[in-house]
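K.L.:
One letter stands for each residue in the lines below.
Number of protein chains: 2
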Amino acid sequence: MDNFTFCTPTRYLFGRGVENEVGRLCKNAEWKNVMIVYGGGSAVKSGLLDRVTASLDAEGISHISLGGVKPNPTDDLVYEGIDRCRRSGADALLAVGGGSVIDTAKAIACGVPYDGDFWDFFAGKAVVGPALPLGVVLTIPAAGSEGSGNSVITRLDGLLKLSLRTDTALRPKFACLNPELTFTLPPYQTASGIADMMVHIMERYFSPTEDVEVTDRLAEGLLKAIIAEAPKVMACPDDYQARANIMWSGTLAHNGICGCGRREDWASHFMEHELSAIYGVTHGAGLAVIVPAWLEYVSRIKPAKVAQFGRRVFDVNEHDDTAAATETVCCLRGFFSSIGLPVTMKALGIEAPDFNLLVSKLHENKGPQIGGYITLGKEDTEAIYRLAAE
Amino acid sequence: MDNFTFCTPTRYLFGRGVENEVGRLCKNAEWKNVMIVYGGGSAVKSGLLDRVTASLDAEGISHISLGGVKPNPTDDLVYEGIDRCRRSGADALLAVGGGSVIDTAKAIACGVPYDGDFWDFFAGKAVVGPALPLGVVLTIPAAGSEGSGNSVITRLDGLLKLSLRTDTALRPKFACLNPELTFTLPPYQTASGIADMMVHIMERYFSPTEDVEVTDRLAEGLLKAIIAEAPKVMACPDDYQARANIMWSGTLAHNGICGCGRREDWASHFMEHELSAIYGVTHGAGLAVIVPAWLEYVSRIKPAKVAQFGRRVFDVNEHDDTAAATETVCCLRGFFSSIGLPVTMKALGIEAPDFNLLVSKLHENKGPQIGGYITLGKEDTEAIYRLAAE
Numbered sequence: 003m004d005n006f007t008f009c010t011p012t013r014y015l016f017g018r019g020v021e022n023e024v025g026r027l028c029k030n031a032e033w034k035n036v037m038i039v040y041g042g043g044s045a046v047k048s049g050l051l052d053r054v055t056a057s058l059d060a061e062g063i064s065h066i067s068l069g070g071v072k073p074n075p076t077d078d079l080v081y082e083g084i085d086r087c088r089r090s091g092a093d094a095l096l097a098v099g100g101g102s103v104i105d106t107a108k109a110i111a112c113g114v115p116y117d118g119d120f121w122d123f124f125a126g127k128a129v130v131g132p133a134l135p136l137g138v139v140l141t142i143p144a145a146g147s148e149g150s151g152n153s154v155i156t157r158l159d160g161l162l163k164l165s166l167r168t169d170t171a172l173r174p175k176f177a178c179l180n181p182e183l184t185f186t187l188p189p190y191q192t193a194s195g196i197a198d199m200m201v202h203i204m205e206r207y208f209s210p211t212e213d214v215e216v217t218d219r220l221a222e223g224l225l226k227a228i229i230a231e232a233p234k235v236m237a238c239p240d241d242y243q244a245r246a247n248i249m250w251s252g253t254l255a256h257n258g259i260c261g262c263g264r265r266e267d268w269a270s271h272f273m274e275h276e277l278s279a280i281y282g283v284t285h286g287a288g289l290a291v292i293v294p295a296w297l298e299y300v301s302r303i304k305p306a307k308v309a310q311f312g313r314r315v316f317d318v319n320e321h322d323d324t325a326a327a328t329e330t331v332c333c334l335r336g337f338f339s340s341i342g343l344p345v346t347m348k349a350l351g352i353e354a355p356d357f358n359l360l361v362s363k364l365h366e367n368k369g370p371q372i373g374g375y376i377t378l379g380k381e382d383t384e385a386i387y388r389l390a391a392e
Numbered sequence: 003m004d005n006f007t008f009c010t011p012t013r014y015l016f017g018r019g020v021e022n023e024v025g026r027l028c029k030n031a032e033w034k035n036v037m038i039v040y041g042g043g044s045a046v047k048s049g050l051l052d053r054v055t056a057s058l059d060a061e062g063i064s065h066i067s068l069g070g071v072k073p074n075p076t077d078d079l080v081y082e083g084i085d086r087c088r089r090s091g092a093d094a095l096l097a098v099g100g101g102s103v104i105d106t107a108k109a110i111a112c113g114v115p116y117d118g119d120f121w122d123f124f125a126g127k128a129v130v131g132p133a134l135p136l137g138v139v140l141t142i143p144a145a146g147s148e149g150s151g152n153s154v155i156t157r158l159d160g161l162l163k164l165s166l167r168t169d170t171a172l173r174p175k176f177a178c179l180n181p182e183l184t185f186t187l188p189p190y191q192t193a194s195g196i197a198d199m200m201v202h203i204m205e206r207y208f209s210p211t212e213d214v215e216v217t218d219r220l221a222e223g224l225l226k227a228i229i230a231e232a233p234k235v236m237a238c239p240d241d242y243q244a245r246a247n248i249m250w251s252g253t254l255a256h257n258g259i260c261g262c263g264r265r266e267d268w269a270s271h272f273m274e275h276e277l278s279a280i281y282g283v284t285h286g287a288g289l290a291v292i293v294p295a296w297l298e299y300v301s302r303i304k305p306a307k308v309a310q311f312g313r314r315v316f317d318v319n320e321h322d323d324t325a326a327a328t329e330t331v332c333c334l335r336g337f338f339s340s341i342g343l344p345v346t347m348k349a350l351g352i353e354a355p356d357f358n359l360l361v362s363k364l365h366e367n368k369g370p371q372i373g374g375y376i377t378l379g380k381e382d383t384e385a386i387y388r389l390a391a392e
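Residue numbers (our numbering), protein chains in the order written: chain A, 3 to 392; chain D, 3 to 392.
If you are wondering where the hints come from, they were derived from the structure by calculation, not from laboratory data. A quick note: this is a predicted structure, and the numbers were derived from the prediction, not measured. Any given hint could turn out to be false.
Which copy is meant is left open, so a pair is good if it fits within one copy or across any two.
Think about it this way: if two alpha-carbon atoms lie no more than 25 Å apart in a straight line, the pair counts; the simulated DSS-like pairs of lysine-lysine are [stated by the list, open to error]:
{"no.": "1", "residue 1": "K363", "residue 2": "K175"}
{"no.": "2", "residue 1": "K307", "residue 2": "K234"}
{"no.": "3", "residue 1": "K380", "residue 2": "K348"}
{"no.": "4", "residue 1": "K234", "residue 2": "K380"}
{"no.": "5", "residue 1": "K304", "residue 2": "K348"}
{"no.": "6", "residue 1": "K363", "residue 2": "K34"}
{"no.": "7", "residue 1": "K29", "residue 2": "K175"}
{"no.": "8", "residue 1": "K363", "residue 2": "K29"}
{"no.": "9", "residue 1": "K380", "residue 2": "K307"}
{"no.": "10", "residue 1": "K368", "residue 2": "K175"}
{"no.": "11", "residue 1": "K234", "residue 2": "K34"}
{"no.": "12", "residue 1": "K29", "residue 2": "K368"}
{"no.": "13", "residue 1": "K304", "residue 2": "K47"}
{"no.": "14", "residue 1": "K304", "residue 2": "K29"}
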């Protein structure tokens, strides 16, 4: 086990009706003037935004709003948000939505007090210092941004999708998680969210660090819970208990607890970021295509942990590590398929992937070598993209 | 799954040498004058206290100290600590030790700014308001107090052992966890700590709340990790990796994550508190006696969850719930025995337990009914004490 530091100060309110606590939470935090960030029409149509603003009004908290965040959120809206926050004197942000909305709010939060271009933080040219505080009302369990200090933004100029990691500077002060708000998610979005949270766990699980049994077991436990509950939410979208289990799993998948004490991987996420930056696919669906291909590739080189994963998570019964690893890849692909996700680029709608472009952008953005469990160069990542093609 | 709130703001520094970060952590927190609380000679003899004070000195942080905390810590030292903190103007506490030391520091922390008797908080007559902040250097992985908002103190007058729960008021600001500091723990203390952390998980696992798969799976995963690593630390006390896994498990066992979304039980802890208050036994060893008896008793009434526990944690293979539950009780007793713990009061040195005294004190202190998985009255708890006798 490696040395680590771990700090997750976010206050979670979980359950029915918790979004109505927003006003009280903002007031306790002594926020006076909040900018609400949200996405498209669903938060408006469902009445959620009305409930949130009513809760703020009841506590006398001023608010402005910034709507229109799209999946794979882009820098243009971040710049607009920073500008509007500064002009209105907003002292906090309230993200009402999923990962794209939260990530946009986080980028605005660190951009407002910063003299330079907020993109400096994502490009690694500056370290986040002071930031506006942030609250969340979560509507999509997937990205785990409600419990992380991270943000992923795409720069429109050059379609550069980069992630920013902070220790606690961008962790939300509070997050309201009401599983009922997820009842109306379309099946494809529900399934993509499930893939996303599973891969957040796997990116931490597949590590070169040995002897991290406690973190392994937590990761395996979370994955087993997700695999048990996923078919229920797909079959019955308003199954409160199953939605609740999935929602809380999504938060724990990415708050860092599954990474404590070890190096992480993240090659699959980096590879998928290029897919969604270039082809505009849904992030979780892109992961369902990339990750089994990645797992297949690395299992040929280093099967032991893949075999452990399969035995403990999918109850694979093969004694031999190589055979168990092969079976594990099948189980993972089979599981993603069973919840309606594509497992090839072709099924994802990418008929003729530009492997050269994918690989060159990937290594241009992330360096010549990526990954932790196995270090991958250009030849490796091209092979994985090709395995994922069809 | 029940509605819940969850907030664990403690910053954990984990690994070799992290106790040397104490000065920097105190300085970052803007503490100027710290009272160090510790127990007996081992923190002095090992040189740990010297390293901690050197780290404080290097950052120019003043300190006084309060030693002499004993297992099952008592109110007398709390009163002394409150008095000395007030007189010296200490603005923070630094607990260097295990649960008894941390719990004493927590009681002092809430007592200092309070006009009345600190015992009011434990007796349920007052709610903790402002408290001095607290840091921890952990030396015994067991009580989990380094990550919890709780404290357990015994009042000498009447041997009343009561626990106090707070949301975040008494959660440490930081906790330094260096597994090397646990190498020299005697085997009995190591084993008792393992029992304590396992039972912290079980008290949350055995719940009347249904459909909490994610929290169940986390709990089971932690228990499996502890069961895998425990024999290693018993066989080889300076096995860093095994000690590290056990140490981090002990923190996660009690920071609340295994209780999210459900009612908890705590009958076994309440029953053990009487045992250690009256007979002065080591808390974890007392639990190793009480919990299998409790599990045996409740499994006769409600075997299903006991069977699930056995199948998932001990790989019990019985199809029938009642048979599986019976087998599970054997597995748990066998495990505690295998790490050298007593599993009867007789083996614990209590030859002729005073059942009337135990039961009457228990229900006098905790009310006529205790427990969550099964509600237990006087007849039940007497039966459990009798099952635990020999």
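K.L.:
Pop the pair K363 and K175 into one bin, within, between, both or neither, using alpha-carbon distances up to 25 Å.
P.N.:
neither (35 Å within a copy, 42 Å between copies)
K.L.:
How would you classify K304 and K348 at a CA-CA limit of 25 Å: within, between, both, or neither?
P.N.:
Result: close neither inside a copy nor across copies, 28 Å intra and 51 Å inter.
K.L.:
Within, between, both or neither: how does the pair K234, K380 come out at a Cα-Cα threshold of 25 Å?
P.N.:
neither (40 Å within a copy, 42 Å between copies)
K.L.:
Indicate which option fits the pair K363, K29 if close means a Cα-Cα distance not exceeding 25 Å: within, between, both or neither.
P.N.:
neither (45 Å within a copy, 44 Å between copies)
K.L.:
Within a copy, between copies, both or neither: where do K307 and K234 come within 25 Å Cα-Cα?
P.N.:
between (29 Å within a copy, 21 Å between copies)
K.L.:
Between K380 and K307, at a C-alpha cutoff of 25 Å, which is it: within one copy, between copies, both, or neither?
P.N.:
Result: close within a single copy only, 23 Å intra versus 50 Å inter.
K.L.:
Pop the pair K380 and K348 into one bin, within, between, both or neither, using alpha-carbon distances up to 25 Å.
P.N.:
within (22 Å within a copy, 67 Å between copies)
K.L.:
For K304 and K47, with the copy left unspecified, which applies at a CA distance of at most 25 Å: within, between, both, or neither?
P.N.:
For K304 and K47, neither the intra-copy (49 Å) nor the inter-copy (46 Å) Cα distance is at most 25 Å.
K.L.:
With identical chains treated as interchangeable, where does the CA-CA distance between K234 and K34 reach 25 Å or less: within a copy, between copies, both, or neither?
P.N.:
neither (41 Å within a copy, 54 Å between copies)
K.L.:
When no copy is named, should K29 and K175 be tagged within, between, both, or neither for a Cα gap of at most 25 Å?
P.N.:
both (12 Å within a copy, 23 Å between copies)
K.L.:
For K368 vs K175, is the C-alpha pair at or below 25 Å within one copy, between two copies, both, or neither?
P.N.:
neither (30 Å within a copy, 35 Å between copies)
K.L.:
Between the shortest in-copy and the shortest cross-copy C-alpha distance, which are at most 25 Å for K29 and K368: within, between, both, or neither?
P.N.:
Answer is neither: 41 Å inside a copy and 36 Å across each miss the 25 Å cutoff.
Hints 1, 4, 5, 6, 8, 10, 11, 12, 13, 14, counting from the list given before, are not met by this structure.
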